[in-house]
Structures are given as structure tokens and as C-alpha cells.
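Asker: Each chain, letter by letter, is given below.
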Amino acid sequence: MGSTNSTLSKIPNAGDLMQETGFSPAHIVRLYDRYKALDKDKKGHLCPQDFGAIKELAMNPIKQVCQEVLDFPSFVRILAHFRPVDKNRPKDPNSPEHINSRSNKLKFIFQLYDQDKDGKISRQELLQVLRTMLEKQVTEEQLESIADRTIQEADLDRDDAISFDEFRKSMEKVNIEHKMSIRFLR
Amino acid sequence: MTARTRFCGGLLRISRALRTVALSLVTGCVFSVHASFGAVHGDNDTSHSSGHGTHTKTHNTTYPATRAFPVLTVNYDHVRKPFEISLWILLASLMKLGFHYIPRVSSVVPESCVLIVVGLLVGGLIRLLGETLPVLDTQLFFLCLLPPIILDAGYFLPTRPFTENLGTILVFAVVGTVWNSFFIGVVLYGVCQIEGEQLAAVDLLACLLFGSIASAVDPVAVLAVFEEIHINELLHILVFGESLLNDAVTVVLYHLFEEFASEGQVTVVDACLGMVCFFVVAFGGILVGTVFGLVAAVTSRFTAHSRVIEPLFVFLYSYMAYLSAEVFHLSGIMALIACGVVMRPYVEANISHKSYTTVKNVLKMWSSVSETLIFIFLGVSTVAGPHSWNWAFVIITIFLCLISRVMGVVGLTFIINKFRMVKLTGKDQFIVAYGGLRGAIAFSLAFLLPSDHFPMKNMFLTAIITLIFFTVFVQGMTIRPLVDLLAVKKKKQTKFTINEEIHSQFINHMLSGIENVCGHYGHHHWRDKLSRFNKYYVKKWLIAGERSQEPQLISFYNKLELKQALLVAESGSAANIGPGLSSAALLSAQSQKQRTVMKNISKEREEEIRKILRANLQKTRQRLHSYNRHTLVLEEEDEWSTVQLRRQRVELEKRMTHYLTVSASGWDSPPVRRARFQSVKSTWPNPVLQLAFLPSTWS
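From first to last, the protein sequence lines stand for chains Z and Y. Letter by letter, the first sequence follows residues 1 to 186 in the numbering used here. Letter by letter, the second sequence follows residues 1 to 699 in the numbering used here.
Take these hints with a grain of salt, some might be off.
[What the hints assert, rightly or not] Taking lysine-lysine pairs in the BS3-like style, the calculated list, with each CA pair at most 27 angstroms apart, reads: (1) Y/Lys423 to Y/Lys491; (2) Z/Lys10 to Z/Lys107; (3) Y/Lys364 to Y/Lys490; (4) Y/Lys491 to Y/Lys364; (5) Y/Lys418 to Z/Lys173; (6) Z/Lys173 to Z/Lys117; (7) Z/Lys169 to Y/Lys535; (8) Y/Lys423 to Z/Lys169; (9) Y/Lys96 to Y/Lys539; (10) Y/Lys360 to Z/Lys179; (11) Y/Lys423 to Z/Lys107; (12) Y/Lys96 to Z/Lys179; (13) Y/Lys535 to Y/Lys360; (14) Y/Lys354 to Y/Lys418; (15) Y/Lys491 to Z/Lys179; (16) Y/Lys491 to Z/Lys169; (17) Y/Lys539 to Z/Lys173; (18) Z/Lys107 to Z/Lys173; (19) Y/Lys529 to Y/Lys427; (20) Z/Lys10 to Z/Lys43; (21) Y/Lys354 to Z/Lys173; (22) Z/Lys10 to Y/Lys354; (23) Y/Lys364 to Z/Lys173; (24) Z/Lys179 to Y/Lys364; (25) Y/Lys489 to Y/Lys354; (26) Y/Lys535 to Z/Lys179; (27) Y/Lys364 to Y/Lys96; (28) Y/Lys529 to Z/Lys179; (29) Y/Lys96 to Z/Lys173; (30) Y/Lys418 to Y/Lys360; (31) Y/Lys360 to Y/Lys491; (32) Y/Lys529 to Y/Lys539; (33) Y/Lys354 to Y/Lys535; (34) Y/Lys418 to Z/Lys179; (35) Y/Lys490 to Z/Lys169; (36) Y/Lys490 to Z/Lys179; (37) Z/Lys117 to Z/Lys107.
[Stated by the list, open to error] Okay, the calculated bits of chain Y under chain Z, using three or more residues with CB under 8 angstroms as the criterion: (38) 240-248; (39) 498-506.
Just so you know, the hints here were simulated from the structure itself, not pulled from any lab data. Every residue gets a Cβ at the ideal spot worked out from N, C-alpha and C, and that includes glycine.
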């Protein structure tokens, strides 16, 4: 445990990070080690090529997360979205919502869909997502029909795009806290 | 309606129902009594006919002058065995029918209780008439009555909640059962020693054996009760999964203690061998099941030309898996479950729609009949079996079973909750503990005990029967009001939406990516690897034709579209029937318009369209919402709002004209048809849908 504390002191702003994300010191150290391991050229930050080096991520939407330079606090913040929701953590009414709350998790996914950041998932963006998920196995027509049906189901105000509220409503039956959590990151 | 007329009406209904029940009961009893009578007379008949045979042989030249040509002879013995079997099954089915006509009973008392009571009555009747009672033959039970129920459960097992909770289920099944057996056995031994007198003869090993028999939660009883209370999926799969998987433990413990009891002494080596035996039994059973499942999948790949016998393969391979496992004293139940689970995705992709329906219906029918028969026989055997009542033993047994179950569940949950993401609450624990029903398996195992090694077998049998009655009646009847009282979450009607499916898959994808980023090989990584292995290697061998390439999202989407098409078509044809229906009234105006537009379609085109629609129907499958035995019909999507339906129709109407102007000259052969669909640059949601929206063509 002593080694944790010494490495912890090497990490800048570790205390603030822990406060903000809710990770324990051991986790922060582990993530720091992993961050350093991914950063092959020892630049001090992660760039898209580092993510590209992980070959399993070849067809994974998570690659978009790293569009530009990623420093350690941002790295931790992204991963904090996937922490299981802990009900015991005292909720300070004045502080902002926890990063791993249900709506923040949903917002994270929404941002991955919404690439042009206009607050809505348009048909093109949906098609793009479907294309990455289904790779080359389906025809363009099938993709388009699926996209059509998806928008039809979720789109309540008939603007042919899915806003964040509509997205949230369509996912209300899904147990996001469970689905979008990795136990390892508790 | 005044109170008096209502009262009279109710009285009339009750009397009618009672009459039906009484009639069926009496008919059944008369028949079964007749059957047992036949058993007695059958022997006389055989002697007669054999005598006759020799007589006619020696006098074959001369005509026996004294006897006229028999116009009508009775030879019951000829058909005795099948006749009796059919009568029992008929009786069981009639009971099932009559059960639903009794107004109050079906909502208060679970079906299993009523069936046991009926068994008791029938047994009592037969005993009164002085005939020999048919006892629940263990061979019959384990080889004929149990497999259909287990196959039905295994084939329709919801795999996703099962695999998500597998750890919990295993802990409950293995550790929980072992704990139960030892606790009951040891404490019972202590009580017997203290009590002295008759019970002092019961030694430790016999008590442990009794404990292992009494501790097994029974899948048949659990299924029978839980299916009626519609509890939420998590609890259902926990209790049910536990009842299935503890078979391995029960088999091992039973054989272990039986072996030891006949030997007389136990060494440490034997105990270690016992533990090894557990792993062999469990994994051996799963292996046997998997092998047979894969063989069945491969076989189904080649059944394109003989669709009629496809269901037979499903049943035969599963039954063979069960029997093969039983040959080696492996866990037959686990083999059966493994076979069903492994076989299902591939077989369903290969067999025709009709065969799929056949498999589903036959399994449900068989398992329903089996279950009914089991409970009736349980009642009859209670009346029959030699009993040796011992107040202390029985009361202590029941008490201990309850206590050990509660302690086991609470203790194990405390440990398990540290590893679970969705914790089990106190309410959940209560239901899991309360749902530990014992049933016919315990009875059969007790019946199988050799009485020379176990002089107190009758006492054991009586105790087990009382335990079964207690759990089935008391716990079975009270669990429903308790579930309502505790406001336990019920099973929610899930409507599959394409949004949820897409986003769920997206999240899964993303999570395995995150796991790769973190360098941690977790649940999602392995699931990903397994599905990739499945896609690239396994599916190619086991699924015929091009369906092997279809990604899951596409088949899901096709299913949804098909369901929607059926709904739209149904509501459309309803509009043709009459103006009374509310949703149809909205739509009738539009359908009028369409009918004028559609006059252009020629007869041949209609026929082709219908053929194409039928072919598409064959390609996709209707996924079962629930594996509830009592509701085979897919529950209607009642949340489908009329607003959405109306929107669909408006949009379809807009595109209708476009469809009709596109010349469809190449509708001839299926390959051409498919190519055509994919090349038509239309904005149709789905070709199936566009064809379904022709209400006048649906006859």
C-alpha cells in the first residue's frame, strides 16, 4: 500500500480526480500505469494512433472518443462513465451529478452517435453507426430501412432526428446502470 | 342485475361446474377401476385363450360341434397395458380441463395441489374397491415422465438471464444443496440419538442420505407453481436454474451416501473421490448433452427434403442424450439441458416454420401431460405406499428443511452480493428461500432405497411425502398472496423495439472496447470472442445455406417487420369485416381509397405476392415472449398505439402510388425476386410490409 501512495503523489491532481470521478486510489494508480503503457512514444498524452495500435479496437466505435490529444484526467473521466453506480455514495445536492449517473452515461453514448455535435442524431449519423456495427454484411437498402424504422420509433416530434430527450425516452426500459458498467472499474 | 339473480346465476354456474368435475372424476375412476379389474381378469383370460389354442390345434380337422361361432368376444388382456396407460393419460387430461371450470379454485390453489388431491381421491377410491394400487414406478418416472418436462424447460431456457446469473445459480445449486444435506443429516442424527427408542437405529449415514434426498429443490414443482405467479425474470431464473442444476449434486450425494451406507465405513480417500465424482458427473453430463446437441444441429442441416420428420430429430437426439448420460450415472438432467441449449440456435435456423411450431407445441403438450401425471401419481402413491408415521421425525424434518433453506439462502446471498452488480434484496432472498419446493424427484429417490440396507425406509418415505405435501400445499398456495403482499416485481411485458436492440448492441460493442483499453479481459471480452468464434467457424458448419451469414440485428429487424406486417394486415382485414371496430373506423376511409387504387393489380400478380409473403413468413421466426406453458399464443403488443399505426398507414399510403407505378415485371423466380427487391430504389420500409398492406388480397 505504501507504493500506491508514492505513485499516487507522482500523479498530478490525483486528489481532485478521485473526488470528481469516485475512483479509489488503487484504481487511479492502475489506470495511470495503463495510460503510460498505451503511450508508447512517451509523449505524456495519448493521440489517436495509440488507440489505433490496439488491434481489437479496429471496428469499435470507442475509437472516436480519442479524436484529439487525450491527457490523463480526460482519460480517467471517460472511463469514469463506466463505473457501476454506487448507491452508498453520499449525494451532495449542490455538487454536479456524478459522472457515472444514468443520464451522464446516456449522454456519453449520445455524444458518440452525434458526431457533428448539433444535439440531434440525424439519419446520416445513424446510418454511419449502423454501418460500423454491421460492417459489410448487409446491403445499403437494409441499413436504410433499419435507420428509417429506428427514427420512426423514437422520433416523437417528427423532425426526422433523435434528440437527447427522445433518446433517453426510448431507452427508459433498459437498465443502463447495469448494462453500461464494468465491474472491474468499481 | 339484482343480488338474487346474481346469486342464482352463480349457484347455477357452480352446480354446472361441479357436475362436470364430478362426471369426469367418476368416469375416470370407473375407467381406472375397470382397468385394475381387467388386471385381475386378464389372468383368467390368458389361461382360457391358451387352453383354447391347444384345443383347436388337436382338433383342427373336426369342427368343434358344441360351440357356435363367436360373434362377439372379449379379449381385454390383448390390449391391457396400452389401454391402462391411455386411460391414465385421459384421466389426467380431463382433470386438467375440469380444473379450469371450477370458478374460485383456479385462482387460489395452484394446479399441482388440485392434482395431488385428485390423485388422493382416485387412490382412495381404488383402495376402497380393494384393488391393487399402481405405484409410481421409478423407472417409469425417470425414463418417461421426467425427460419431457426437463427438455421443455431446457429448450426454451432464456439463455441471456441464465448466463448472466450463472455464478449465482451455481453457488445456490451446489453449495446450497450440499449445505442443506449436511445440515439436515447431521442435526437429524443428533435428534434421533437424543430421542432414543425407535429412532436410535438410524445411523449417521442413513441420516445424511435422507438429508441429501430431502434437500433437493424440484424443478417440476417449481415450474408448476412459479409459472402461475408471473414473477420477474431474475427471480424466476434463479430458483428455476437452481432446481435444474442441483440435480448433479443430488445424484452424486445420493450415490455417495448409498455406497457408503452399504459399505459401512468412510475413508478420506472416499470423500475425495466423491468430490471428484461430482465434477465428473456434472461436466460429463454437459459434455454428453453438447455432443448430442451438435450432432442434432448437423443433422438438421440436411433435412431440407424431408421436412416432416424434422421435429423427430429434436426429440430423439435429446432423449438419447438423456439416456446416454444415465447409462454412466452422469447427470441426465444436465445433459438434456445442455443438448437443448446447444441445439436450439442452429436447429431453429435450419428447420421450417411448421416444424418449429410442431416442436414447440409437442414439447408443451408432452410436458404438460407429464406434469399432470406426476402429481396424480404422487397422490395415488401416498395412499398406496407403506407408511410408518413417526411424529418427531416428520415434524423435525419439515422444521429443519425450512430453517436450513433460509439460513443457506441468507448466508450465500451475503457472500454473493459482494460479486454481483445487481444486488439481491431481502425480498428477493425471501422469495428464493420460499420457492424451494420439493417434489416427485425426492419421492422417487426415497422409493429407490433398497429396504434391506435401510430398515427405516418406510419412515423416510412418509417423512418425504409429508415434506412434499407441506411445501407444495402450504408454500405453493401462499406464495401468490405473499408475492402480491410484498409487491415483488412482476414480469414486465417487454416490447421489443429496434432502438433498444441497436443501442444495446452498440453498448456491448463499446464495453468490449473499453475493456481492451483498460487491458482487462472481462465478461464482454469473452462474450465477444465466443460470438466471433460462433460466427466464423461454427455457424458455417451447422447452418444450411445463406442464413449462416445473417447478423443478429438483421434477423431481429426482420422479425419486428414481420410482426408489424401481420398487425397491419390484421387490422386492415378487420376493416373489411365491419365498421364496428374503433381503430378500423379510422382506417376504413383510407382503405377505401386504397381499394380503388388497387384495382389495377391482376390476379396473377396477387397470387405471386401471396406466395412471396408466405415465403418470407417461412424465413423468419417468432420469438417466444415467455416459456409459460399455459399461454402458447404470442401475447399481443397492446402498447402499440393507434397513433403509431395511423402514422404508418399514412406513410404507406403516400408510397402506395409509387409502388404501383413501378413496373414489377420480374416477379417470377425467387432468386430473381430477391435481387429485384434489393435493387429497387424505393423508400419502402420493407418489402414484406409493402406486400402485407393489401387487405383485399388476404382471404
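Asker: Quick check: which numbered hints come out false for this structure?
Answerer: Result: hints 2, 7, 9, 10, 12, 14, 17, 19, 21, 22, 23, 24, 25, 29, 30 and 38 break, sorted rising.
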